[in-house]
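*Asks:* Sequence:
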Amino acid sequence: MNFSVSPYLLYLASFGASLLISVYSVRKILSITTRRKIYDIPDKIRKIHGDGIPSLGGIGIFTGYVVAAAFFMYQKNWNFAIASSLILFFTGIYDDLANMRPSKKLLAQLIASFIAVYFADIRFQSFYGAFGVNELPYWVSMVFTTLACTLFINVFNFIDGIDGLAGYTAVIYLVLLAGLFAAMNDSSLACISLSLAGATIGLLVYNTAPAKIYMGDTGSMVLGFTIFLLVVLFILNYSGAGGLLVSQIIHSRQGALMLGAAMLFYPVYDGLRVFALRMSKGISPFNADRSHLHYYMLDAGITHPAAVGLISVANMLTILLAWLLQDQNAVVCILSFFVVQSILLVAVFRLRQSKIRQGNP
407 MNFSVSPYLL YLASFGASLL ISVYSVRKIL SITTRRKIYD IPDKIRKIHG DGIPSLGGIG
467 IFTGYVVAAA FFMYQKNWNF AIASSLILFF TGIYDDLANM RPSKKLLAQL IASFIAVYFA
527 DIRFQSFYGA FGVNELPYWV SMVFTTLACT LFINVFNFID GIDGLAGYTA VIYLVLLAGL
587 FAAMNDSSLA CISLSLAGAT IGLLVYNTAP AKIYMGDTGS MVLGFTIFLL VVLFILNYSG
647 AGGLLVSQII HSRQGALMLG AAMLFYPVYD GLRVFALRMS KGISPFNADR SHLHYYMLDA
707 GITHPAAVGL ISVANMLTIL LAWLLQDQNA VVCILSFFVV QSILLVAVFR LRQSKIRQGN
767 P
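So for the sequence shown, the numbering used here puts the first residue at 407; every next one is plus one.
Any given hint might turn out to be false.
Said to hold, decoys possible - The calculated lysine to aspartate or glutamate pairs, modelled on EDC-like cross-linking and capped at a C-alpha distance of 20 Å, are:
| id | residue 1 | residue 2 |
| --- | --- | --- |
| 1 | Lys-687 | Asp-676 |
| 2 | Lys-482 | Asp-527 |
| 3 | Lys-434 | Asp-527 |
| 4 | Lys-618 | Asp-527 |
Unchecked claim - Distance ranges between label pairs, derived from CB positions:
| id | residue 1 | residue 2 | range |
| --- | --- | --- | --- |
| 5 | Gln-764 | Asn-483 | 47 to 57 Å |
| 6 | Asn-540 | Asn-483 | 34 to 44 Å |
| 7 | Leu-553 | Phe-744 | 12 to 22 Å |
| 8 | Leu-512 | Ala-489 | 49 to 59 Å |
Simulated from the structure, these hints should not be mistaken for laboratory data. Built from N, CA and C at the ideal position, the CB exists for glycine as well.
I would like the entire structure built from these sequences, with the hints used as guidance.
*Replies:* Listed below in structure tokens is the structure:
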């Protein structure tokens, strides 16, 4: 980055600017939506909050992120990522206000993902020997990354079900990515990560339980999309020659791939599990229900803050395992992620069943 100041000052400035802009924006949105009575309507299935809580907080995230990132990054082709984010941003606003049909929302997500993959060339190009796969043919890389990005947008959107969960999950991923990019001397991507992290924390000021405002699809889709792209760029840009610190943290490209997989794992694990459950019952995987882990926690009597804390710990443990097992077979790494999340799921499920039996003797 062509600045004479220390990159650490740029990191602080990008984070601080996005945080302040987001807090101001969310406060204004909260005031306007409350005054005009633009509220998210409880459906007693997934949306179990009280009346009078708006769901346009994602506008604050997007505003803080885009304004700060515009000043503190120069990432090549990121303009295409911003264009895709705008598609998701307006799709999210429409859905938050008028409940867009799932098929139309899915089409918008596919278009946004394709733009980033094709025009910005942000795609998985190789698995670096993991699962016996190396270089991917171009068309396979294009299709796989587009579909994977669309999937992650959706599964990240699904975890935005209780106060603060999506926000805190995003902050964990983004702060880790910022640290990794900084260690790789990639100040532009570090600033992008910190801009989005600061903007998300700006919402969390009002979104932590008891929430005064929700991020809605406006925020969760932009977050899921951008986190996915940053993870792919981390894997693509990793180089052991990037610095001594980088080579000490991540030993190989396959290790970078496993760390990236760990950051994406929880939303994908929970989302695919719920998809499978719904389809096994003969219903659409996009139908709303209470099969997600965070709803199981609430049904078990666990509070919103405790549920967010437990899932956050499981996420961080998964990432730690990816780092500890990065030199092992990729299958061993993925299985370890599966075990961590499954242990938490089984424990919560049994607690939930016990609570249900106590309430219905």
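*Asks:* All hints, please: hold or fail.
*Replies:* Against the structure, the hints come out as follows:
1. Lys-687 / Asp-676: holds (17 Å)
2. Lys-482 / Asp-527: holds (10 Å)
3. Lys-434 / Asp-527: violated (37 Å)
4. Lys-618 / Asp-527: violated (39 Å)
5. Gln-764 / Asn-483: 47 to 57 Å: holds (56 Å)
6. Asn-540 / Asn-483: 34 to 44 Å: Between Asn-540 and Asn-483, where Cβ atoms are some 25 Å apart, the hint is violated.
7. Leu-553 / Phe-744: 12 to 22 Å: holds (21 Å)
8. Leu-512 / Ala-489: 49 to 59 Å: At roughly 19 Å between Cβ atoms, Ala-489 and Leu-512 fall outside 49 to 59 Å, so the hint is violated.
Violated hints, in rising order: 3, 4, 6 and 8; the structure is consistent with all others.
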